[in-house]
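> What follows is the residue order along each chain.
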Amino acid sequence: MAKAKVKKQSTFIDMTAMSDVTVLLLTFFMLTSTFVQKEPIDVKTPASVSEIKIPETNLLTILVDAKGKIFLSLDNDNVKREALEKVGEDYGITFTDKQINTFKSLQAFGVPIQSMAGFLDLPSDQQDAYMKNLESARVGIPATDNELRDAKGLVASDNEFKRWVAHASSINDDLQIAIKADKLTEYPVVKTVMDDLRKMKKNRYLLITNLKTASSEEGK
Amino acid sequence: MSEVQVKDAGGGGKNKQKKQQLRVDFTPMVDMNMLLITFFMLCSSLLKPETLPINMPSDVEVKKEEQNKVRESGAVTLLLGGEDKLYYYTGMVDAAAYTNPDFLIEASWNPENPESIRQFLLNKNKGTYEEIQALKIRLQNNEFPDSVFRRLSNEVQDKAMKELKIAPTVMIKPSDLSSYKNLVDALDEMLVCNIGAYAVIDLADGDRRLLFNKTENSNYLTEEEIAQAGGAKK
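Listed in order, the protein sequences are those of chains U and Y.
Numbering-wise, my numbering comes out as the position in the first sequence, counting from 1, plus 3.
Numbering-wise, my numbering comes out as the position in the second sequence, counting from 1, plus 61.
Derived by calculation from the structure, the hints in this document are not laboratory data.
Computed from a predicted model, the values in this text were never measured in an experiment.
The beta-carbon is built from N, C-alpha and C at its ideal position, and this holds for glycine as well.
FRET-style restraints, in silico, Cβ to Cβ:
| # | chain 1 | residue 1 | chain 2 | residue 2 | range |
| --- | --- | --- | --- | --- | --- |
| 1 | U | VAL52 | Y | ILE166 | 22 to 28 Å |
| 2 | Y | ALA136 | U | THR60 | 37 to 43 Å |
| 3 | U | THR14 | Y | SER106 | 37 to 43 Å |
| 4 | U | VAL52 | Y | GLY188 | 20 to 26 Å |
Cut-off 30 Å, straight-line C-alpha distance, at most; resulting in silico cross-link-like pairs (DSBU-like, lysine-lysine):
| # | chain 1 | residue 1 | chain 2 | residue 2 |
| --- | --- | --- | --- | --- |
| 5 | Y | LYS146 | U | LYS215 |
| 6 | U | LYS165 | U | LYS194 |
| 7 | Y | LYS146 | U | LYS194 |
| 8 | U | LYS202 | U | LYS186 |
| 9 | Y | LYS109 | U | LYS204 |
| 10 | U | LYS107 | U | LYS204 |
| 11 | U | LYS70 | U | LYS194 |
| 12 | U | LYS47 | Y | LYS146 |
| 13 | Y | LYS275 | Y | LYS187 |
| 14 | U | LYS204 | Y | LYS220 |
| 15 | U | LYS205 | Y | LYS220 |
| 16 | Y | LYS109 | U | LYS186 |
| 17 | U | LYS41 | U | LYS107 |
| 18 | U | LYS47 | U | LYS194 |
| 19 | U | LYS186 | Y | LYS146 |
| 20 | Y | LYS187 | U | LYS56 |
| 21 | Y | LYS109 | U | LYS194 |
| 22 | U | LYS186 | U | LYS205 |
| 23 | U | LYS165 | U | LYS186 |
| 24 | U | LYS202 | U | LYS70 |
| 25 | U | LYS205 | U | LYS107 |
| 26 | U | LYS186 | U | LYS215 |
| 27 | Y | LYS185 | U | LYS194 |
| 28 | U | LYS56 | U | LYS186 |
| 29 | U | LYS215 | Y | LYS187 |
| 30 | U | LYS204 | U | LYS186 |
| 31 | U | LYS135 | U | LYS194 |
| 32 | U | LYS186 | Y | LYS275 |
| 33 | U | LYS56 | U | LYS205 |
| 34 | U | LYS56 | Y | LYS197 |
| 35 | U | LYS215 | Y | LYS197 |
| 36 | U | LYS70 | Y | LYS109 |
| 37 | Y | LYS185 | U | LYS215 |
| 38 | U | LYS135 | U | LYS70 |
| 39 | U | LYS70 | Y | LYS275 |
| 40 | U | LYS47 | Y | LYS109 |
One chain only, chain U, in its complex shape (with noise of 0.2 Å):
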């Protein structure tokens, strides 16, 4: 008999100071981290030993992928908004409001103005699909000249990307350009991105790199 009772007590184990301690984990993920932004292209940044933080707010981002695809990026949703509606009004298109809905949910964008209502009217999962079809010629905003047209046949304004950084940075005074290429881009890719920029006599901005550590050295 004083055998059964002594097996009895030992099976139930205190999880008190268990869950103290995944209670004080969770506190601190949850206040230190950042969700992680969905982009539309996995970009490996090249490493550098500046500390610079990125800021928080009034970035646009400049996407380049290693083949020259450029994806934007906007953190502020009305600077999202009106920015698409004055790009849409330079092509003669008009969005409804849920397609402009749909866009400032978009984390990161990059469909030519033409296709990009069709886009908008896709379901989410067939999105991220038309995405993936990084070959297509209607993933990523075009930076070359004279490319489209606008809805009256007249040849709209040269430059699509122009567009969107003239017209962001147009909205809001204290936007700040980030270029976050990957670092096997060819630099002639990077270099159009640039000399846009400077014809926009935007000659500040940052480039986005991730920390240098000993292990990133070495693979030099």
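Knowing the structure of chain U, use the given hints to seat chain Y on it.
Just chain Y, lined up with the frame of chain U:
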């Protein structure tokens, strides 16, 4: 810990039956917390990416006299070639430069290598670098805040540039064969070596020819130049 003992108020001595034990089982709570932690660990990033601020030269035409301000002795040109190669030369390109095989020097990215670009730039910029290192040590000893350090190091760089005229001016010229990583690495070297004056500029015709002479790789040349070289045998 998770037991609460409730003593019967009316109870006399230590009767076991009068002690009521309240045990709260925390296992489900722990399960749930673990799940949440896993979720947060997978869906969030702790690290914010760093940025490298850059000021590009504007395309506004600079007056001819001001352009020539770059002293020949202080001018260093880095040429970023293909396959992660790096070349540099000092001074200006002149006619003799094309025939002189030692004019364009290949450098290594690896800072340990004595032939590396870091060693070269540190040598060129020795005075400024050492002064800023001294400031850094004082910063680590908490003698002044970060903002003061930045102001002081800017002053050191300005002084070397304008008064002592010893600071090098570095021009980074990435070729079309180079990658974005090379550019960031080059800008990084400027930061490490505390170079005050540097700029990213396009390749000039002379630079392309130098690269071609050095590497025999005609991809550096434009099509016109290839045609010319073919006619005139380089």
